[in-house]
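Participant: Assemble the complex: chain A is given as a structure, and chain B must be docked to it using the hints.
Number of protein chains: 2
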Amino acid sequence: MKPIYMDHHATTPLDPAVLQQIMPYLTNHFGNPSSTTHEYGRQARRAVDRAREQVAAFIGAQNSDEIVFTSGATEADNLALKGIALHPSRGKGHLLTLATEHKAILDTVEKLKKQGFSVDFIRIDRDGWMDLDHLQELIRSDTLLISVQAANSEIGTLQPIAEIGKIARERGVPFHTDAVQALGRVPIDVVRDSVDLLSISAHKMYGPKGVGALYVRKGVRLASQIDGGGHERGMRSGTLNVAGIVGLGAACEMAAAEMPAESERLRILRDYLIERIENELDYTTLNGHRVERLPNNANFSFAFVEGESLLLACRDVALSSGSACTSASLQSSYVLKAIGIADSLAHCSIRFGLGKSNTREHVDFVVDLLKKHVVRLREMSPLYEMAKEGIDIDQFNWGEHSHDEH
Amino acid sequence: MKPIYMDHHATTPLDPAVLQQIMPYLTNHFGNPSSTTHEYGRQARRAVDRAREQVAAFIGAQNSDEIVFTSGATEADNLALKGIALHPSRGKGHLLTLATEHKAILDTVEKLKKQGFSVDFIRIDRDGWMDLDHLQELIRSDTLLISVQAANSEIGTLQPIAEIGKIARERGVPFHTDAVQALGRVPIDVVRDSVDLLSISAHKMYGPKGVGALYVRKGVRLASQIDGGGHERGMRSGTLNVAGIVGLGAACEMAAAEMPAESERLRILRDYLIERIENELDYTTLNGHRVERLPNNANFSFAFVEGESLLLACRDVALSSGSACTSASLQSSYVLKAIGIADSLAHCSIRFGLGKSNTREHVDFVVDLLKKHVVRLREMSPLYEMAKEGIDIDQFNWGEHSHDEH
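Residue numbers (the numbering used here), protein chains in the order written: chain A, 1 to 406; chain B, 1 to 406.
So that you can see chain A by itself, here it is in the shape it has in the complex (with noise of 0.2 Å):
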């Protein structure tokens, strides 16, 4: 049997109403939608366009148009990022962002820092949260761009979002935003909140993998970053993903509909799942803010286990250490340690992502595997012993988190 799957911001499965409102794409209407002289290519234009409505819908858009369609959220972080700062009516500037972003954020900015551009990090409490004043501070005459996430993948916190678009816009600066994690989860309103562009992932909102986008507010000029026939008024080229694009829109439309039920539940199972572990099991920390959190994350370190050891003891659940994006590699998060917390505290932690398949019983499943192995662990563990028994141990770099005022 499967694990029961608990990492749903590395990715979430395709729900079969999405998949259903897909099939005719992947079947009878395959047409081309630039091929507009013959009905196959009309009819996938025509589901593109639907699509391209229900987007927009989702996130407030004003104009359907102001939605580009991409292969995915890291493609659309860079086409904002590269967009603004390689656009030929800008020089080289300056680009405001988080080091808790994600790598299509990080990466992206490291490769425009090569290039000539500046960068500076907005300072994050040690939950991950923004300082605005520290925003204010940072902003340049000569800044392009400040990106900053709707939540973290990891540690779940939000961002204030609608605060941060006020002094973007009072400044005069573009505001991006990665809401790959937020949407669906919170509500996100791109008028409301002066957002300038945003990126949409479809395969983490119960849609497929390999679509995303990218909405662009009127008036905001990009570079674009794929050229080849103008696609996308000029901003993406290539053959439209229709099947993708088409589950892309209904995901957003479900979203819309299930989320203040769904988002509520998930926010009681969290909360319970939160409340367990630290009930039921000591040196433990929750890491990222603990209210102004996506409802569906929790992210824990264990004291005095190994991470990896502990996800293969409890490998009837799908769980991860980190993004998926990093979690191949065997370095500890970049994001625990952007919010100050130990190399060591860090190789100890665990994410939780629910989502529409869990349910309470997953959560007490869980949670009862984690007490056995984490017991079973730190029975080897000599730090443990010693904590115990109330010997200093902070020599040995445990717990740094709790004095570094990061």
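Treat the hints loosely; a few may be bogus.
No copy labels: a pair is met if it fits in one copy or bridges any two.
To be verified - Derived pair list, reagent style DSSO-like, types lysine-lysine, alpha-carbon separation capped at 27 Å: (1) Lys2 / Lys113; (2) Lys388 / Lys371; (3) Lys111 / Lys92; (4) Lys103 / Lys337; (5) Lys218 / Lys114; (6) Lys372 / Lys114.
The set of hints was computed from the structure by calculation and includes no laboratory data.
Facilitator: Here is chain B on its own, set in the frame of chain A:
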């Protein structure tokens, strides 16, 4: 009833056998291949590995890790050209290509020109066939890349890939080919043909839209164009489109098995189509090379007839006047222009893209339909009346093709 589909250069239907292989990855096997801490992720990873081997085997690549998955051929073309040109180890240099390339090549070299690269177009004759001696002459010490399509999507002309590869290898210049139209129709082997970079699209060979690949020969260094997480050996970041990739692999395996018989069948159909049109309609011109031609392509100019009117009249068959990427515009084909066809004649051109579903009955149907409507539409053309009466109509710009030693 839907029209008969005869636009297989624009896109092809997803083969039901390919869809069958995709389905598990749209349902139960939904893992993120980067989530290797659990079985969901590892299962997805194995599927991607298998597809990588299928694609590699299909094009004769020696190692499956020479395959970089992309969102399609447009992205693959962009990665090949920009990846070579913008790699930090290389300076601003020189690129060689054809004026009849896909827009993904032409728009990309145009952009690189603006960034200080120089571009030369290798001479082509009126059949679109490139001049190997001219290629030899054009290569300079700073030539960074030769990019020549394996087959043209409009006029079907095949290029002498192996000869280009030989020259490129001798002169030490990397060689890229956009093989989108050729793959699955004519044999291509990257080792035999000395190809360094090759672009693949799934949806042109009965696979899904939204997925493609770039073959990158070992040792060829590319600058990544989409950053974030270092997937695909650092050359292309972003969550892998598992279902799409499985579909591409399956399409490659299927094409390898079916190609010899199917290409021969299509060649016979195509020759029958060409023969009937040439025998039964006057003032027609076959565009493209008569011999070195895709087995499934025909492209005819029907003088004295407006192409759009003819397409509309023949709407029981899905045809196009050119490539999908430009057919929405009212401009006449840049490919026909590049081989020296006058605008007036280019406007009367129709592309026939035969595929698996097409039969001899379809060919008879389309030829009968064309005859009926060409004759009817010509009755409204004073130029046609003059031509029939032996009046010199070249003064009206007809038939420029036959005089222009382009």
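Participant: With 27 Å as the alpha-carbon cut-off, assign the pair Lys103 and Lys337 to within, between, both or neither.
Facilitator: within (14 Å within a copy, 45 Å between copies)
Participant: Checking an output row: Lys111 and Lys92, CA cutoff 27 Å. Within, between, both or neither?
Facilitator: both (13 Å within a copy, 18 Å between copies)
Participant: Within a copy, between copies, both or neither: which one fits Lys2 and Lys113 at a CA-CA cutoff of 27 Å?
Facilitator: neither (44 Å within a copy, 53 Å between copies)
Participant: Between the shortest in-copy and the shortest cross-copy C-alpha distance, which are at most 27 Å for Lys388 and Lys371: within, between, both, or neither?
Facilitator: Within one copy only: 17 Å inside a chain, 93 Å across chains, cut-off 27 Å.
Participant: Pop the pair Lys372 and Lys114 into one bin, within, between, both or neither, using alpha-carbon distances up to 27 Å.
Facilitator: Result: close neither inside a copy nor across copies, 49 Å intra and 63 Å inter.
Participant: Can you give me the call for Lys218 and Lys114, within, between, both or neither, at a CA distance of at most 27 Å?
Facilitator: between (30 Å within a copy, 26 Å between copies)
In this structure, the hints that do not hold are numbers 1 and 6, in rising order.
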